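Peer 1: In case you want the letters, here they are:
Protein chains: 2
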Amino acid sequence: MNGFIEKLNACAKKNRSMLCVGLDPALERLPAGIPRSAKGVLEFNLAIIEATQKHVCAYKPNAAFYESLGAAGHRVLKATIDAVPEHIPVILDAKRGDIGNTARQYAISAFEKYGADAVTLSPYLGGDSLEPFLQYSDRGIIILCRTSNPGGADFQNLTLKNGKPLYMEVARRCKEWNKKWGNVAVVVGATAPKELARVRKVIGDQMPVLLPGIGAQGGDAEAALKAGLGSTPASVVVNASRGVIFASDKSDYAQAAARAADLLRKSLNRIRKSLQ
Amino acid sequence: MNGFIEKLNACAKKNRSMLCVGLDPALERLPAGIPRSAKGVLEFNLAIIEATQKHVCAYKPNAAFYESLGAAGHRVLKATIDAVPEHIPVILDAKRGDIGNTARQYAISAFEKYGADAVTLSPYLGGDSLEPFLQYSDRGIIILCRTSNPGGADFQNLTLKNGKPLYMEVARRCKEWNKKWGNVAVVVGATAPKELARVRKVIGDQMPVLLPGIGAQGGDAEAALKAGLGSTPASVVVNASRGVIFASDKSDYAQAAARAADLLRKSLNRIRKSLQ
Numbered sequence: 018m019n020g021f022i023e024k025l026n027a028c029a030k031k032n033r034s035m036l037c038v039g040l041d042p043a044l045e046r047l048p049a050g051i052p053r054s055a056k057g058v059l060e061f062n063l064a065i066i067e068a069t070q071k072h073v074c075a076y077k078p079n080a081a082f083y084e085s086l087g088a089a090g091h092r093v094l095k096a097t098i099d100a101v102p103e104h105i106p107v108i109l110d111a112k113r114g115d116i117g118n119t120a121r122q123y124a125i126s127a128f129e130k131y132g133a134d135a136v137t138l139s140p141y142l143g144g145d146s147l148e149p150f151l152q153y154s155d156r157g158i159i160i161l162c163r164t165s166n167p168g169g170a171d172f173q174n175l176t177l178k179n180g181k182p183l184y185m186e187v188a189r190r191c192k193e194w195n196k197k198w199g200n201v202a203v204v205v206g207a208t209a210p211k212e213l214a215r216v217r218k219v220i221g222d223q224m225p226v227l228l229p230g231i232g233a234q235g236g237d238a239e240a241a242l243k244a245g246l247g248s249t250p251a252s253v254v255v256n257a258s259r260g261v262i263f264a265s266d267k268s269d270y271a272q273a274a275a276r277a278a279d280l281l282r283k284s285l286n287r288i289r290k291s292l293q
Numbered sequence: 018m019n020g021f022i023e024k025l026n027a028c029a030k031k032n033r034s035m036l037c038v039g040l041d042p043a044l045e046r047l048p049a050g051i052p053r054s055a056k057g058v059l060e061f062n063l064a065i066i067e068a069t070q071k072h073v074c075a076y077k078p079n080a081a082f083y084e085s086l087g088a089a090g091h092r093v094l095k096a097t098i099d100a101v102p103e104h105i106p107v108i109l110d111a112k113r114g115d116i117g118n119t120a121r122q123y124a125i126s127a128f129e130k131y132g133a134d135a136v137t138l139s140p141y142l143g144g145d146s147l148e149p150f151l152q153y154s155d156r157g158i159i160i161l162c163r164t165s166n167p168g169g170a171d172f173q174n175l176t177l178k179n180g181k182p183l184y185m186e187v188a189r190r191c192k193e194w195n196k197k198w199g200n201v202a203v204v205v206g207a208t209a210p211k212e213l214a215r216v217r218k219v220i221g222d223q224m225p226v227l228l229p230g231i232g233a234q235g236g237d238a239e240a241a242l243k244a245g246l247g248s249t250p251a252s253v254v255v256n257a258s259r260g261v262i263f264a265s266d267k268s269d270y271a272q273a274a275a276r277a278a279d280l281l282r283k284s285l286n287r288i289r290k291s292l293q
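Listed in order, the protein sequences are those of chains A and B.
The opening position of the first sequence corresponds to residue 18 in the working numbering, with each subsequent residue numbered one higher.
The opening position of the second sequence corresponds to residue 18 in the working numbering, with each subsequent residue numbered one higher.
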């Protein structure tokens with residue numbers, strides 16, 4: 018088993034958690050007393066990581082929230098990733114996708130500069146755009162399959178000539194790309210449980226599914242777990258961002274985030290148990 | 018006509034040029050005497066811009082080549098964009114695509130922090146992922162339709178139930194998204210002239226097509242222009258990166274880039290004339 022997938026499963030097992038906390042620190046939602054600046058974002062992230070680390074199987078900073086801070090955001094993202102304890106994998110949510118020559122630069126950025134354990138990628142440019150990432154055999158390559166947003170259906174659910182939707186062709190290719198290094202995972206939104214069930218059948222019972230879309234986006238965790246659970250501790254990695262990190266907008270924000278993360282962790286575990 | 022499209026056409030007309038120079042300064046290809054560092058990249062970019070600015074209709078820095086430099090790369094990208102004369106549009110080649118809440122952060126980064134005139138985006142996440150960008154009515158939103166890389170066909174050329182390939186559905190939606198602000202353009206690779214001809218029919222004769230894939234990628238400029246030309250000065254914007262900026266690996270690199278850009282500009286104009 019590949020380095021990232023192994024680390025993810027180990028952390029899910031150790032912390033008895035399917036929960037990934039999304040570190041998406043929108044400036045305007047930072048709690049009272051935290052400066053609305055790059056420095057404030059770092060202070061906030063460090064407190065959130067410190068408070069929630071026993072309750073997660075991974076952290077997922079989304080690059081957009083750091084890029085929008087300018088050059089300082091870059092340093093904050095690096096410092097955030099560095100602050101995550103070694104046994105917890107970090108998924109850099111970047112959704113990159115470019116031609117081979119350029120993809121290689123993005124891979125250097127994600128894996129060598131930031132030191133992320135895994136990165137999310139868009140499949141629109143096809144196999145050769147993913148290859149420079151796949152070559153990092155110890156890292157995770159998490160490919161967008163069926164996203165959680167309303168527009169996710171616009172193209173991803175279009176029916177192909179063979180009668181199957183586009184996202185199923187992406188899932189089929191993900192299984193292929195996984196053969197060499199075993200380092201591929203997929204993104205399917207909790208808002209699309211029917212699609213998730215079909216994807217799980219294609220990818221087998223071990224490939225992790227990163228599942229955004231519960232909480233603010235309205236996805237139903239129970240329906241999604243029923244559709245998506247496989248056989249490994251981290252077969253479904255449930256991402257929660259806003260619902261955890263902004264659980265309180267007051268000075269108790271870190272404790273509130275810890276409580277929210279722990280509640281969600283337990284609630285997911287209860288659902289899992291009820292399905293077994 | 019929208020601010021970006023207007024600026025692009027005006028610059029194409031003023032410089033009699035369909036050429037966009039891609040500022041993709043891979044460290045290992047910097048000419049002799051230029052330090053292989055962020056500082057060297059900026060020195061290189063400034064010299065390239067100074068030397069080629071009379072021959073282009075736009076510049077297109079690709080974010081990947083700056084991100085891979087770390088935090089310093091961010092400052093270099095900003096300084097590069099700032100160094101482009103006001104009348105020449107800057108296309109930030111970022112190929113971003115994320116859910117609305119996150120896309121808004123990427124839009125802030127591209128348009129407000131970097132001050133780019135236009136940005137390239139991936140359509141995989143659908144309409145609502147593009148909306149935060151489209152709302153910048155004076156900027157350009159350049160959507161990947163049929164990319165120039167070999168893997169471009171993997172998903173983009175899949176035939177849908179209606180008998181049309183996926184990229185044609187993307188083109189159709191681009192035309193729709195363009196209705197509100199007239200700020201949409203598409204990417205079609207020079208390596209796919211048949212596809213380009215079909216896309217041009219769908220998008221009408223004014224929407225700019227950003228055309229990568231000539232030069233290092235082997236696309237045929239004549240076939241592509243025949244397939245893609247519309248009625249406006251910048252109906253096809255031909256991108257060249259490596260073939261221009263790395264025309265010489267010696268200290269004459271800036272003059273060599275100017276010569277390469279001017280030759281390419283003239284060659285494209287000759288082809289255009291021969292097709293009229």
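Treat the hints as calculated values from the structure; they're not laboratory data.
The structure displayed is predicted, hence computed values, not measured ones.
One should not assume that every hint holds.
Copies of the same chain look alike in the list, so a pair counts if it fits in one copy or across any two.
Derived SDA-like pairs: lysine to any residue, alpha-carbon spacing no greater than 20 angstroms straight-line [stated by the list, open to error]:
no.	residue 1	residue 2
1	K56	A88
2	K178	R189
3	K211	P102
4	K197	G87
5	K71	A214
6	K283	L63
7	K181	R276
8	K283	Q272
9	K218	R121
10	K196	Q152
11	K218	G57
12	K30	A271
13	K218	L151
14	K211	L292
15	K130	R53
16	K56	A89
17	K243	A96
18	K56	G87
19	K178	A88
20	K95	Q152
21	K192	A49
22	K178	A89
23	K196	K290
Peer 1: Now tell me if each hint is right for this structure.
Peer 2: Right, here's what the structure says about each hint:
Taking the shortest alpha-carbon separations for K56 and A88, both the intra-copy value of 12 angstroms and the inter-copy value of 15 angstroms come in at or below 20 angstroms. For a Cα distance limit of 20 angstroms, the shortest separation of K178 from R189 qualifies both inside one copy, at 15 angstroms, and across copies, at 18 angstroms. Taking the shortest alpha-carbon separations for K211 and P102, neither the intra-copy value of 35 angstroms nor the inter-copy value of 52 angstroms comes in at or below 20 angstroms. For the homomeric pair K197 and G87, neither the shortest alpha-carbon distance inside one copy (37 angstroms) nor that between copies (30 angstroms) is at most 20 angstroms.
For the identical chains of this complex, K71 and A214 are neighbours neither inside a copy (29 angstroms) nor across copies (56 angstroms), given an alpha-carbon limit of 20 angstroms. Taking CA atoms no more than 20 angstroms apart as the test, K283 paired with L63 passes in neither setting, with 23 angstroms inside one copy and 55 angstroms between copies. Taking the shortest alpha-carbon separations for K181 and R276, neither the intra-copy value of 42 angstroms nor the inter-copy value of 51 angstroms comes in at or below 20 angstroms. Taking the shortest Cα distances, K283 and Q272 sit within 20 angstroms of each other inside one copy (16 angstroms), while across copies they are farther apart (65 angstroms).
In this assembly of identical chains, K218 and R121 lie within 20 angstroms of each other by CA distance neither inside one copy nor across copies; the values are 31 angstroms within and 34 angstroms between. For the homomeric pair K196 and Q152, the shortest alpha-carbon distance inside one copy (12 angstroms) is at most 20 angstroms, but the shortest distance between copies (42 angstroms) is not. Taking identical chains as interchangeable, the C-alpha atoms of K218 and G57 are never at most 20 angstroms apart, the minima being 44 angstroms within one chain and 51 angstroms between chains. Within a single copy, K30 and A271 get their C-alpha atoms no closer than 24 angstroms, and across copies no closer than 57 angstroms, so neither meets the 20 angstroms cut-off.
When the C-alpha separation of K218 and L151 is checked against a cutoff of 20 angstroms, the pair qualifies neither within a copy, at 23 angstroms, nor between copies, at 37 angstroms. Proximity of K211 to L292 under the C-alpha cut-off of 20 angstroms is restricted to the intra-copy arrangement: shortest distance 17 angstroms within a copy versus 51 angstroms between copies. In the homo-oligomer, the alpha carbons of K130 and R53 lie at most 20 angstroms apart only across protomers (16 angstroms), although the nearest pairing inside one protomer, at 25 angstroms, exceeds that limit. Taking the shortest Cα distances, K56 and A89 sit within 20 angstroms of each other both inside one copy (8 angstroms) and across copies (17 angstroms).
When the C-alpha separation of K243 and A96 is checked against a cutoff of 20 angstroms, the pair qualifies neither within a copy, at 37 angstroms, nor between copies, at 51 angstroms. Taking CA atoms no more than 20 angstroms apart as the test, K56 paired with G87 passes in both settings, with 12 angstroms inside one copy and 18 angstroms between copies. Taking the shortest alpha-carbon separations for K178 and A88, neither the intra-copy value of 46 angstroms nor the inter-copy value of 46 angstroms comes in at or below 20 angstroms. Neither within a single protomer nor between protomers do K95 and Q152 lie at most 20 angstroms apart by alpha-carbon distance, with minima of 22 angstroms and 31 angstroms respectively.
Taking the shortest alpha-carbon separations for K192 and A49, neither the intra-copy value of 46 angstroms nor the inter-copy value of 44 angstroms comes in at or below 20 angstroms. For the homomeric pair K178 and A89, neither the shortest alpha-carbon distance inside one copy (48 angstroms) nor that between copies (47 angstroms) is at most 20 angstroms. Proximity of K196 and K290 under a CA criterion of 20 angstroms is satisfied in neither setting, with 30 angstroms inside one chain copy and 51 angstroms between copies.
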